Amino acid sequence: MPVILVMIALLLGPIAGYWTAIKAYKRISARASIGNGPWYANLAAGSEKVDPYTRVSVAKNGILALRQSETIYYSARKDDQGNWLNGDKVYRIEGKKPDARWWSITLYGTDHFLIPNELNRYSYNMNNVEYDENGRFSFYVSNTPREGAWLPLNNNKRFVLTLRLYNPGDSIRNNPAKVELPHIIAEGE
Amino acid sequence: MTPFIIIAIILFLVSAVIAHFITLAVIPRQLMKKLMDRLPVNAIRRERRPDANSRGVVQPSPDLVYTNVNYDVSKAPILFTSPVPANCYWSVSIFQDNTDNFFVINDRQIRSNPFQLMLVKRGKKVDAPENTVVVQSPTNKGILLVRHLVTSDDKMDEVKAIQRQAAVEIKQYR
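Protein sequence lines correspond, in order, to chains A and B. If you count the first sequence from 1, position 85 lands on 85 in the numbering used here, and the numbers rise without skipping. The numbering used here runs 189 ahead of the 1-based position in the second sequence.
Isolated chain A (complex conformation) (with noise of 0.2 Å):
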């Protein structure tokens, strides 16, 4: 009988703490990250500080991620009501150029690779994007085609769009939970 309990008890201690790991490091490195409306990033991804369940969301989520002294990378699933993107609307991306030397917004499928389109048209940048007279820009992310600045979502329910800011400037990096990041404004259906 006291053998049967000690294999009993090794035998079910190192599958509680695998399930465990598996089930707590998506909510702990998501209680690590900060919120900016729809956005949200983990300042501490790719840094040698990393605590040890944002390392492994980043290994599977964005594997090579800059430090981000060099790049801060955020993620957005939701919208800026706070409702889960869905490729049954069309969704306004717009805003004012971020502060840093370069950026990108790349629109990901739930498994984080490109979505394969016609066009092959991934992202938008700094360099494609067109400025109206304030300094705004804007494009879609929809099923539904678009003449102009579209990503296609090509029959997608759900996706990820992701911001690169390269080198981010001090007002970024100072106040990245309150600066302005751009709005993911859905359009209706």
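Hints listed in this document are in silico derivations from the structure and should not be mistaken for laboratory results. Among the hints, a few may not be true.
As the list claims (entries may be wrong) - Stretches of chain B that chain A covers, calculated by requiring three or more beta carbons in the stretch to come under 8 Å of a beta carbon on chain A:
1. 210-218
2. 249-262
3. 308-322
Claimed, not checked - For lysine-lysine, the following BS3-like pairs were computed, each having C-alpha atoms within a straight-line distance of at most 25 Å:
4. A:Lys-23 - A:Lys-97
5. A:Lys-23 - B:Lys-314
6. A:Lys-23 - B:Lys-310
7. B:Lys-360 - A:Lys-26
8. B:Lys-314 - B:Lys-360
9. A:Lys-97 - B:Lys-223
10. B:Lys-330 - A:Lys-60
11. B:Lys-330 - B:Lys-264
12. A:Lys-60 - B:Lys-222
13. A:Lys-60 - B:Lys-223
14. B:Lys-310 - A:Lys-49
15. B:Lys-222 - A:Lys-26
16. A:Lys-49 - B:Lys-344
17. B:Lys-344 - A:Lys-97
18. A:Lys-49 - B:Lys-360
Since the structure is predicted, the reported quantities are computational estimates derived from the model, not experimental observations. Backbone N, C-alpha and C define an ideal beta-carbon position, used for all residues, glycine too.
Starting from the known structure of chain A, arrange chain B on it as the hints suggest.
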């Protein structure tokens, strides 16, 4: 409660905690190993500009062209050399085998062109050529990654020309 049950509970908890942290330590290393296993060791790998067919690394940026080196400096250091583009974001970052980015330098921080970087095992001594940045890797293995921004499609020939000139040489420890 009998002593055996108390011992079993303690064994359960201790083994669970150990397994929990082993899992957290192993996953990043496993994913990094998977990445490294598809690359030649201590040699340049020039990637195409990412598109929807790029499935090797999650979240590839379609605005960058990547060049990488899967390094192993356990027996010998390596010397990485590359021209640096003018007025265009270009960086070299180095990742240890648990995915941590322990070094990064970009075109604005580089003082000499072409750029030379010698990557060595921590604690080892080398005779580095002049104007060479010497970087100690905390682990024997890892990945050196070059990011070159493609500012417009018509710059691709320029990007590829720089990518072609990137080189790795295996050197010797003192």
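Looking back at the numbered hints, which does the structure fail to meet, lowest number first? 3, 4, 5, 6, 7, 9, 16, 18
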